[in-house]
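Undergrad: Each chain sits in its own coordinate frame; assemble them with the hints.
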Amino acid sequence: MGTHEWPLWEIFIRSQHGLAHKHVGSLHAPDAEMAIKNARDVYTRRNEGVSIWAVRSADVHATAPGDRGPLFEPANDKVYRHPTFFPMPDEVKHL
Amino acid sequence: MYAQMVETGVAKISDAAELSPDEAAFQARLDADVKVEPKDWMPDAYRRTLIRQIQQHAHSEIVGMLPEGNWITRAPSLKRKTILMAKVQDEAGHGLYLYSAAETLGVSRDQLVADLHAGKVKYSSIFNYPTLTWADIGAIGWLVDGAAIMNQIPLCRCSYGPYARAMIRICKEESFHQRQGFDIMLTLCRGSVEQKAMAQDALNRWWWPSLMMFGPPDAESVHSAQSARWKIKLLSNDELRQRFVDQTVPQADFLGISMPDPELEWNESKGHYDFGPIDWSEFHNVLKGNGPCNRDRLRTRVKAWEDGAWVRDAAIAHAEKRAAQVAA
Numbered sequence: 000m001g002t003h004e005w006p007l008w009e010i011f012i013r014s015q016h017g018l019a020h021k022h023v024g025s026l027h028a029p030d031a032e033m034a035i036k037n038a039r040d041v042y043t044r045r046n047e048g049v050s051i052w053a054v055r056s057a058d059v060h061a062t063a064p065g066d067r068g069p070l071f072e073p074a075n076d077k078v079y080r081h082p083t084f085f086p087m088p089d090e091v092k093h094l
Numbered sequence: 000m001y002a003q004m005v006e007t008g009v010a011k012i013s014d015a016a017e018l019s020p021d022e023a024a025f026q027a028r029l030d031a032d033v034k035v036e037p038k039d040w041m042p043d044a045y046r047r048t049l050i051r052q053i054q055q056h057a058h059s060e061i062v063g064m065l066p067e068g069n070w071i072t073r074a075p076s077l078k079r080k081t082i083l084m085a086k087v088q089d090e091a092g093h094g095l096y097l098y099s100a101a102e103t104l105g106v107s108r109d110q111l112v113a114d115l116h117a118g119k120v121k122y123s124s125i126f127n128y129p130t131l132t133w134a135d136i137g138a139i140g141w142l143v144d145g146a147a148i149m150n151q152i153p154l155c156r157c158s159y160g161p162y163a164r165a166m167i168r169i170c171k172e173e174s175f176h177q178r179q180g181f182d183i184m185l186t187l188c189r190g191s192v193e194q195k196a197m198a199q200d201a202l203n204r205w206w207w208p209s210l211m212m213f214g215p216p217d218a219e220s221v222h223s224a225q226s227a228r229w230k231i232k233l234l235s236n237d238e239l240r241q242r243f244v245d246q247t248v249p250q251a252d253f254l255g256i257s258m259p260d261p262e263l264e265w266n267e268s269k270g271h272y273d274f275g276p277i278d279w280s281e282f283h284n285v286l287k288g289n290g291p292c293n294r295d296r297l298r299t300r301v302k303a304w305e306d307g308a309w310v311r312d313a314a315i316a317h318a319e320k321r322a323a324q325v326a327a
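Protein chains in written order, with numbering that gives the first Met the number 0: chain S, 0 to 94; chain A, 0 to 327.
Hint data in this document are derived by calculation from the structure and do not stem from the laboratory. A hint or two may mislead.
[Claimed, not checked] Simulated pairs of lysine-lysine, BS3-like, Cα-Cα distance not exceeding 27 Å:
1) A:Lys302 x S:Lys36
2) A:Lys80 x S:Lys36
3) S:Lys36 x A:Lys320
4) S:Lys21 x A:Lys38
5) S:Lys21 x A:Lys34
6) S:Lys36 x A:Lys171
7) S:Lys36 x A:Lys34
8) S:Lys21 x A:Lys171
9) S:Lys77 x A:Lys34
10) A:Lys302 x A:Lys80
11) A:Lys302 x A:Lys34
[What the hints assert, rightly or not] Computed spacing ranges between beta-carbons, pair by pair:
12) S:Met87 x A:Arg47: 38 to 44 Å
13) A:Ala113 x S:Gly17: 42 to 48 Å
14) S:Tyr79 x A:Pro20: 35 to 41 Å
Built from N, CA and C at the ideal position, the CB exists for glycine as well.
For reference, chain A alone in the conformation it holds in the complex (with noise of 0.2 Å):
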């Protein structure tokens, strides 16, 4: 999802006889759905995987923004150029809450900015392909904000409390975006023969990404075990990705236009959608880096922090002084 393959450290689950009273007393209140709060005990793995996770979901989020922004300037009308920056604000938003969220762990922003920065830590997948016309605009907000919301939604009931309060938040703002996205794609579907080609064009690239952003199967993952036993993990990919799927095949149908997966087919028997198998050899390519806008994601953030510097030393500096002033 937005964080995908979120390593715990743990090599295997321990059961109940192993754990330290500590850990025991622990994984008790999580159990009885007691919320974790910044300053309670809890063990080191569990602390270092939520830093983990949501610094990756705050990074998804800041890294969001270049794809759409680029089509802020060319957006195809005033009115959905005011919609794309409403957008693009909120993703700022969203990855401020979650930085502040991580930062109750005990990790310093800048620190998170560098990780991020020195690529130690990942983002989703999702924004290292490219947005090439106006219909990418519309793809994402329905299907990868769509995506995000499907995997966001749970987590409103994570266990540990800022995290929990923050998807909250960026749930409610979501689904505009989603919103937003499938109206862009309405309308070109509405629209000219050539419009409609473009949203059909956007959906072919986009929907099989779009799958990858839940992860890989997780049935076998010890991480995910962990995860779900931690209560930050509460659906497993496959959960997740399949929701999603019976979710959006009718949106597609009602636009008139179809996913690029001669395989997919309503299973009767099951009451889901079947679908063909995933490419995941492009998964792991795009998260090792060699996805189509990788490097250029990553250098467009460095040069960003590293311009903006000038403006937060003189920030500082001017607070600093103003209040050596007052005291004098």
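Excised from the complex, chain S in its bound form (with noise of 0.2 Å):
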């Protein structure tokens, strides 16, 4: 058995399609340039993705599930910030 654990990476992969990088698993690696090559080889294998983040699991700071009402609640009523909330007359065009 190692001496320790090699660090669990958290691996985000662009696609062909211009979206922003996206959160696909995570492994593990030494340093970074290993976790990219991992990444490569484990979450790109059928043209997956143009471009890899890797970042330490370590430092992913996260909101707690108990905090899921009183940061996300607050945005419940606030309906006006919908375009749906304002009906405009039929006549009107490009609104």
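TA: Shown next as structure tokens:
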């Protein structure tokens, strides 16, 4: 058994269609260079991407499940932020 | 399946009144098809069962590389060799997706590997059978991967987010595996008399073990019932097995070879094939470690892990040295 485990990395891939990098999964690697090499083999065997980001899992800060209410519920009663909130007369075009 | 007879640690299914408030809220979310994510609260038994199920699945992918790897050097052409290498590499990838999914539940990769090597956690019974001829590579892709797809497509909808997402990636890739297997069988069946006989021989040996992959009937299993309630098992073993038989028999008819089952017959009134009884004593014997290849498979895995230890250690030592130089 080795001294200790290789650290865990989160892998993000940008597909060919000009979209943002998207989280695809994680893997173990000793350093960033190897993380990217491994990500190429594990996550892009079928032309899934044109760019890879590797971020150490320990460096990801996340919201806690318990914060869901206070953080996200205030948006629920602000329906006026959606364009559909404002009824438009049928005669008015291009709005 | 790839995960067979997964124990849940529960002795009976609790009815709604027996659940704690946390458990009841959890079950309500599952019933509303809300996915469970790593940081969400979950009952300990759900967590432990998932770790067991996902790691059995991951180990099956990794051990499953061995029977096929056996034929890489002896594939009949360069084309077949490159295809087989790509398939075996996919299996490694599938194992890695699944190990990562298991790790989100709070177990380390080293622990998962140690559990496999200590024989504490099983992998699928199917990988304890030998690949004696090239036709076996065809039969594995066609039947074993076909059976796997049958089981894995519903798991894309399972309740645990990271597991469901891993299954979606895997299912996209499995279809290549099944087709390359059928293509090998088709080529053999359109070849010489000897080649067709090889294909028939492989079907004879892999058919029953493939049906056993789905596991024993789970009508009376409390574990299956609990897993169904948790939405980590979406269809019963017998349902999946019947679907597999119904789908596969016409494919064998097309190949012009036949299942080694004299009782196999289309049942017009049921709209399904009837098939003969499965020898569950063989299945249980293989699970106990007495299949043709159990000891060899585990020995090969342990050797690969131990022989690779210096590489893992050197890589981490190098990374730490470089990090220290940058910091200085």
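Undergrad: Give a verdict on every hint.
TA: Hint by hint, here is what the structure shows:
| no. | hint | in the structure |
| --- | --- | --- |
| 1 | A:Lys302 x S:Lys36 | 25 Å, holds |
| 2 | A:Lys80 x S:Lys36 | 24 Å, holds |
| 3 | S:Lys36 x A:Lys320 | 20 Å, holds |
| 4 | S:Lys21 x A:Lys38 | 20 Å, holds |
| 5 | S:Lys21 x A:Lys34 | 19 Å, holds |
| 6 | S:Lys36 x A:Lys171 | 22 Å, holds |
| 7 | S:Lys36 x A:Lys34 | 31 Å, violated |
| 8 | S:Lys21 x A:Lys171 | 18 Å, holds |
| 9 | S:Lys77 x A:Lys34 | 26 Å, holds |
| 10 | A:Lys302 x A:Lys80 | 25 Å, holds |
| 11 | A:Lys302 x A:Lys34 | 39 Å, violated |
| 12 | S:Met87 x A:Arg47: 38 to 44 Å | 56 Å, violated |
| 13 | A:Ala113 x S:Gly17: 42 to 48 Å | 44 Å, holds |
| 14 | S:Tyr79 x A:Pro20: 35 to 41 Å | 36 Å, holds |
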